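Now for the letters of each chain:
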Amino acid sequence: MGRKPFVTGKAMTCSLGDSLEGIVEAVRHQRLKLEQLPFTLSGLPYTRPYYLIRRNEKDQLENRSEAYFYEVLFSTVSRALDDAGVSDAEIRDMPLFFGSTSMDVPVFEGKHRRRSSSVSELFLQASNGYGKIAGAVMDRFGMEGNTYSFITACTSSSNAVLYAASMIEERCIERALVVGYDLYNNLGFYGFEGLKSIASSEYRPFDRARDGLILGEACGAVVLEGQNRKDSDFMCLGGANLCDTYSVTSHDEEGAAVAETMNRALMQAGIDPGEICAVKAHATGTENNDRTECAAMRLVFGHRIPPVTCVKPFIGHTVGACGVSELILLTESIKAGFIPATPGFREKDEALNLTPLTENRQTGEGIFMLNYFGFGGNCTTLILSNRGDGG
Amino acid sequence: MRGMYIHSFSAYTGEPNVDVEWLKAEISRYTRVNFRRGNRFILLALLGACQCIHERSIEADTGVYLTTEHGNLGETAAVLDEIYTARSLPKPYGFINTMSGTAAFYLAQTLGSRGRNITVSSQHLSFERGLELLKLDFAGGAERSALIGGVDEASLSGENTGQENHRGWRMADGSGWFYVKPEREGACGSFIANRSFRDAPSCIDWIRKRGGPPLDLLSFGALVGEDEAAALKAALRPAAVFDYLRDGGYSGSATACGVGRFMGHFQGRSLLHINRDRRGNYAVLEVERY
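Protein chains in written order, with the working numbering: chain A, 1 to 391; chain B, 1001 to 1290.
FYI, nobody ran anything at the bench for these hints, they're computed from the structure. Some hints here could point you the wrong way.
As the list claims (entries may be wrong) - To spell it out: a stretch of chain B is covered by chain A in this simulated footprint if at least three of its residues, at any positions, have a beta carbon under 8 Å from a beta carbon of chain A; those stretches are: (1) 1062 to 1076; (2) 1080 to 1092; (3) 1127 to 1137.
Claimed, not checked - Distance condition first, Cα-Cα at most 30 Å in a straight line; then the derived DSS-like pairs of lysine-lysine: (4) A:Lys111 / A:Lys33; (5) A:Lys33 / A:Lys58; (6) B:Lys1091 / B:Lys1024; (7) A:Lys33 / A:Lys196; (8) A:Lys111 / B:Lys1091; (9) A:Lys132 / B:Lys1091; (10) A:Lys4 / A:Lys33; (11) A:Lys4 / A:Lys230; (12) B:Lys1091 / A:Lys196.
Nothing here was measured: the structure is a model prediction, and the numbers come from that model. We treat Cβ as the ideally placed atom computed from N, Cα and C, and that holds for glycine.
If we strip away everything but chain B, and leave its shape as in the complex, we get (with noise of 0.2 Å):
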């Protein structure tokens, strides 16, 4: 994956169902546009995106690409209450806002970009298929720069409940972004490679065929079982195993939070994330920090 720069970077992870009102007050330390329409998921793509890009001058044409597992589930919920508890007709802010597409405009309108505008998702490898449209786009010249981000709020749905995920793991919310572009100069790091393997004996068989240089940090998805990652962790023999679900707490977007996580918080150089979707798919992101 030649050519995908990170200039800059975010990951935050809150604590679940935190005052929109504070959300907003943080967002007004980076813009001075004021977001009074914006629910949750709205205001924690733009607080990520904010902090990526605070303080850089970005292109016009920066094309935007918002990743989530769940989209607007708080927005959503609302103006099904609106319709069958309330037995109204929603709001119209609230019920344009229930398209989670809307939190990648309300972001380019806030940049001021008119680039490519996407916001896609794929059962726990969002971020992976999203860099995959980014990379297409830098390749055929659609894009020249980008802001790509995993946003999520806090899900107690299916195996998650009360503030926990079923692994333990504490839930959060997460908004993780990067500024790429495909340019090395003045980065800080680069997405090196995104590899993708229908199945296990695959993927660890390219993990056992790795050559390069050792491995700093390794780091896997939230459906990495520990005696898969054992036997990863064996194979691969990093310096250290970067456990961001333990130390961040889990959304959906945990992996854009994690890999900003490393970005910002490690010394060491290079960071391999292991994720799997519920049908076995697997892929493999490599990072490199400069």
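Pulled out of the complex, with its shape left as it was, chain A reads as follows (with noise of 0.2 Å):
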């Protein structure tokens, strides 16, 4: 049998800064930082809301460069790796698994902004493909392991938390850094609402009044080791990864793959549903996202759905990156005691029969399952405990 890995390191950039001691008391007050964002370029007379990340000057939009795409990243990266305490030694022979829908389009768009060449052109004369950024980082912290991109849209981080813990327990490796990465870009803010997916002013996923998703930025990274580092550090169960071939931009809302999804990942965990305290909801808040995940969890849970917390609320939808960003943000929350409460929910949609936490919910040890879902029909899920006996 093989080993569980445990997520001995964490670190995040996000709206709600990076300070993950005060992302946890944001988190824990709901204090949020939205921003509306106008459509300069195609010059629609209304603005969007947007989680962007606000430490600096340098943080402003106008700013932005390569050397601030890569500053973000490996100020997160250094600062997962510090609080695993791992050595230069099993730095060096880590490998990255790296997840992320805009990869560098943020990078070409930034260039554009200084050049007169259409981004279009930058972005074909310069691609060096989807696997440079993780090359950078390699190179930046002298790793020497193997890396593996992950392009499935918003489950990418999570699938990269997924091979990297397959990959820890088949004893194929020792560690790995994992990190899922996205930044404010044109082209997902721009899609986005061409796809009239975006709230206009609010984020409420489940609610009656839900009216979409609002995008987030953010820069999660995490240690997974197959031996824990503290006592607190949580294990990664097991997971799973399916396609649900219903259509490329929405799920089957009866739920059946999502469903199956959750089971494989119980099964792969070796638990049953009874025993899952609370769920993560990818919940973006979307018509389709918000009916197909509640029939799929009724699906699995029967009438005894757990307690149910949706955290886009926070740092909003962080796509490719949110796989990692909401596991850390999860996590560290019930680190210090609490399963957040979802900010936004006042009305509860009879359709979908289903309230999630309205109130931050005490919480000790427990096993927790986290669910991801993205375009092309991706859907994934993780099961992570933080119980003593292992889970």
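With the hints as a guide, dock the two chains, each given alone in a separate frame, to form the complex.
Now the structure itself:
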């Protein structure tokens, strides 16, 4: 039997800052930092909300450059490695599992602001492939392991976690760095607006008045290892990935494929649905996602759905980065003694018949399910535990 | 690497910028599904995969593992132009299809497969890394059959200019696929081993110590230099060198196409493919043809 991997190091940069303590306190007290952004390029006469990273002047969108892109990435990775306390030799041997939706599109868009060339021309001439960002991390930190860059839309970094954990479990590797990273880019902001998916002002997943998602940017990094370093380290019990072939844009609202993903993850983790003490829902706040996810939870848990938390209203939908960033946000909140409430939820949708946590719930040890879904029918579920008996 | 048996394969390489209508017509030879919204990258993925599984029934839980260097280059550029030049919102399907994972989705949908669906990249070693993930899923029981392939549009980025790569290889669109199962029965070949090395010395050390039967064919990835290739050839003494980049052209997914061409065109039984990335990591893939 394989060993189970632990999350021994973590760091995050998001709209709530770059200090884990600060982020957890903001979550505990629901201090959100939401801004309205215009569609300047297309001259639309309205704005849409966005969760931007705002640490200092450098974070201003108009100031951003390639150097900025890598500064956010490297500083987050550096803090995660420090948090784990890995040695230089351990870092050198590490592989990197990287997940992102936009990859380096923000870099090309930033260069475009400084040159007259068209951004598509810059992109076609200068693109060195999806693996470039992972390669830059390896160079910066002297890492010599293999790199794997996942491109599965909003499940990108959750799949990175899934495979890093599997490789540790199968003893292919001792430890791994897993990074989820997506910065603001016009391709995503204008693209989601083109889909009419962006909420007008407030993030309200599962609420009767929900009207879409709100994008956010984040860099999350975790170190996974075959042994824990602290008693409080979370263990990855298992996970699963499946493709819902219903539609490229949406999932089958009967929830069968999503439920099957959850069931396979439970089976792989070796636990029963009744052992799950809370679910972190993907909860994008779109009609289709929330209907599908509720139907799937009902198929898996019957009428005993565990407490459900939706963390996107804190940092936005960070697309490919959400796998790692929401994992960190949830596990750090639990370590601080609570499962986060869902900001923005006010009125139950009778069609969904599900009320997520509306107040922070005190918690200690338990087993938690984390769900992630994406365009292209991609469904990923992770099962994490901080129970002393290993789950 | 036990239990990575090749049950069918394909190796499509084509001229850059071939009309997408031609790609659609080619695909229609293999499937009745109409891909109205497919862009070049998606169509390349579908064409190669459909060629691979033509007239073969595949299992319902078959996973799809798409490896790529650049992904959806053309569609991403087109959508950036919509935003920056036309100053409009992108068309919905154009935007969604910038996410390269959608190609693997359309493939799974066409096959009616509800297995894992992974798109992965790793500079110049994408196909080898994809095989590692598949091996892991076979070992852990997550998959019992899979389609794994490498797909790339001809990239004219970086060192690649005109219609040629900086090494003089003709640029090509590429889509090479393999239907792989852990069972040998009915297989036409296998991925025997897929080894990774952190540097040239450790790779060469392994090659020098390598035993086993004589090697029929040796091939090299795009970043293996000519002098290095000559030294490796001298150490391995293969019956022949298979220069698939010269023969089939260069794309980001040339490895998958090269191995597919070996499976389809050569009489030899064994291929050793040596590849490297920009950081000097090496990957050695051993393939056997039955």
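Each hint, compared with the structure:
1. Given a C-beta distance limit of less than 8 Å, the hint that chain A covers the segment 1062 to 1076 of chain B holds, as 7 residues qualify and 3 suffice.
2. Counting residues of the segment 1080 to 1092 of chain B whose C-beta lies closer than 8 Å to any C-beta of chain A gives 11; at least three are required, and the coverage claim holds.
3. For a cut-off of 8 Å, the count of residues in the segment 1127 to 1137 of chain B with a CB near a CB of chain A stands at 5, and the three-residue condition holds.
4. For a cut-off of 30 Å, the pair hint linking Lys111 of chain A to Lys33 of chain A stands: about 27 Å separates their Cα positions.
5. For the hint pairing Lys33 of chain A with Lys58 of chain A, the CA-to-CA distance comes to about 17 Å; that is within 30 Å, so the pair holds.
6. Taking the CA atoms of Lys1091 of chain B and Lys1024 of chain B, the gap is near 21 Å; set against the 30 Å cutoff, the hint holds.
7. Restraint check for Lys33 of chain A and Lys196 of chain A: satisfied, since their Cα atoms lie roughly 22 Å apart, inside the 30 Å limit.
8. Between Lys111 of chain A and Lys1091 of chain B, the direct Cα distance comes to roughly 24 Å. Compliance with the 30 Å bound is thereby established for this hinted pair.
9. For the suggested pair Lys132 of chain A and Lys1091 of chain B, the alpha carbons sit about 28 Å apart, so the restraint of at most 30 Å is met.
10. Note on Lys4 of chain A and Lys33 of chain A: the hinted pairing is violated, with a Cα-Cα distance of about 36 Å set against a maximum of 30 Å.
11. With a CA separation close to 15 Å, the supplied pair Lys4 of chain A and Lys230 of chain A stays within the 30 Å bound.
12. Taking the CA atoms of Lys1091 of chain B and Lys196 of chain A, the gap is near 11 Å; set against the 30 Å cutoff, the hint holds.
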